[in-house]
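Protein chains in written order, with this note's numbering: chain A, 1 to 61; chain B, 1001 to 1463.
Bear in mind the hints are in silico, worked out from the structure with no lab data behind them. Beta carbons are placed, not taken as given, at the ideal position from N, Cα and C, and that holds for glycine. Among the clues, some could well be false.
Computed beta-carbon distance windows for the label pairs [unchecked claim]:
#1 A1051/B to T4/A: 54 to 64 Å
#2 S2/A to A1273/B: 33 to 43 Å
#3 S1207/B to R42/A: 42 to 52 Å
#4 R23/A to P1381/B: 42 to 52 Å
#5 P1395/B to D12/A: 18 to 28 Å
#6 A21/A to A1289/B: 33 to 43 Å
Where chain B lies over chain A, by a calculated footprint (3+ residues, C-beta under 8 Å) [said to hold, decoys possible]:
#7 10-23
#8 40-46
#9 51-58
So you can see what is in the structure, the chains are spelled out below.
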Amino acid sequence: MSDTDDLDAFIDAGARLLGIATRPEWRDAIRLHLAVSLAHARIVGEFPLADEAEPAPVFKA
Amino acid sequence: MSFETAAELAAAVAARKRSAGEIVAAALARIERHDKILNAFTAVTAERARAKAEAVDAAIAAGQPAGPLAGVPFAVKNLIDIAGLPTLAGSKINREHSPATADATLIARLEAAGAILVGALNMGEYAYDFTGENYHDGPSRNPHDTTRMSGGSSGGSGSAVGGGLVPLALGSDTNGSIRVPSSFCGIFGLKPTYGRLTRAGSFPFVSSLDHLGPFARNTLDLALAYDAMQGPDPHDPGCADRPAKPVTALLGHGAAGLRIAKAGGYFRAGASAEALSALDAVGAALGAAREVEIPEAARARAAAYVITTSEGAALHLDRLRTRAGDFDPDVRDRLIAGALVPGSAVTQAQKFRRWYRDAVLQLFEEVDAILAPATPCVAPPIGQKTFVLDGKEMPLRPNIGIYTQPISFIGLPVVAVPVAPAQGLPIGVQIIAAPWREDVALRLSHQLETEGIVRAKPAPGAE
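Chain A extracted, bound-state conformation (with noise of 0.2 Å):
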C-alpha cells in the first residue's frame, strides 16, 4: 500500500469510529493535513525525552 492508501483508510476507520460523516470532495484536503500533521508529530516523537519527563500543564489538586 501507499502513504495515499494507508492515509485514506486510517481517515476511513478513524472518522467512522469517531462518528464522522465525511464527503468524497473533502478526501484530498483531509489527507493533506492529516499527512502533514503526523509528520510535524513524527518530528516532535524524535526528540529524546527522559521516561521523568514532565508534560508541560501540571495539575494541581
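With chain A held as given, fit chain B onto it using these hints.
Structure of chain B alone, referenced to chain A:
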C-alpha cells in the same frame, strides 16, 4: 479626526476639551463610511456606545476622575463576549447561540477605565486562520491595500485599527493571531505572557495556547490598555494569580541597560527581503549586534501545530459530527484531520514543551530581549493559497505563522512593531521578552517609535 491616539483622546476628554459623545459619534461615522470596504466589523454597538459616552461625560461633568482611557472607542474580535450578542467566533454555527449574558472580563475592565465599546470584529472561523479571510462574513481587508489580506485570525482587529476606525482593539493569539495581523496591517500588537490577561468570557480555541491582547497604533496606547486589563481572575483557570504590574510609567526607560539580540537560524531561513530588512533596521537601532539561536525552534513549531490541531478538534468534535457542512471548508478539513492525530503525539508535544521552555529560559539569562520577524512576508493578496517559503512552494494558510508559533508555544510576551517604508507595505518585527517582562518589550517598542524606526503609517484614505 485624524489618526489620533487613545492617549490623546483620553487626555482631551479628561481636560474637557472634547466630549466622549463627540468622539464616539465620529468613530461611528468612520465605521459607517469605511467599513463597507474594510469589512472589519460584524456588529456595531452604536446605541450602547452612545449611552456609555453619555455616562462618561456625565461623570466627568460631576467632577469624578476621568479614567486613563476616558472616551476611547474600542472594538473586540467576535470571539469575545458582548452582552446581548451571540459570540460568533467567526462561525456560522455559533450564530444560533444565545446572546451572551455579560461582557467578557477584559471589556468590563477597559470600560471601567473609561473606554467605550463600539462593536465586534471579523475573524477567521474559530480562530484557526492566519489570513483574515472568513467564509461566512467575507474577508476583512488590509487598509494599506484592500486587495490584500488583513492577516488572521484577528483580521478585523488589524483592519479596524490600521484603517483608523478605532484606536484600540482586542484580539486573541494562539499561534500568532495578534502578531500576524499587526504585521500585515502595520500596527502595534501585544501578546502578553500566557496567563497574564484573563480569557474569561471568550470563545476558546486551544486552551493550552490561547492568549488575549490589545492592538493599537502606538506603544503608549498598548501599555494603557494592558495596564487597564491586568490582574487575576478566578473565572479563567489559566489566568495567573499574580498582581498587576503596571508598565505605562516605565516606557520612558527605553533600552537603557537591556541586552538585545536577534534570532538567527530558523528565524532567518525563509524570510523575505522585506522581513529581513525590517529586522535588521530594528536590530541596528537597538544595538543588537549579537545573534542567538533559539534551540529547536522548528520542533517547537511542530509541537505547537500538533497541540493546536488536536485540542481544536477535541473542542469541535461534536460539531464536526453533526454540523460538518456548516464549517468553513478550510477549517473543517483541518479539524477532521486533527481529530485523527494520536493522543500519544499530543502528550509528547506537551513534554517537549517543558524541555523547550527550560532551554529558552536559559537564553534569557544572557539577553533581555530577542528580535525576530513577525511574518515571513508582507500581506499577500486575498485568496492566495500558496507562497514560496525558503525556496519551496508551500500552502500559505498554515505557514504564515512559522515565526510566531515557536514563541507563543511557551507563552513568552511579545510586542509586534510595524516597520513601514515610505513606499510599499508594512511588515512587523517581534520583540520577545522573558515571561512576565512585558515592560521590557514595551520599553523597546517605545524607544523605536521615539527614534522613528517603527510607526503605524496612516493607510491611504484614513482620516
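Legend entry - Numbers of the earlier hints that this structure fails to satisfy, in rising order: 3, 4, 6
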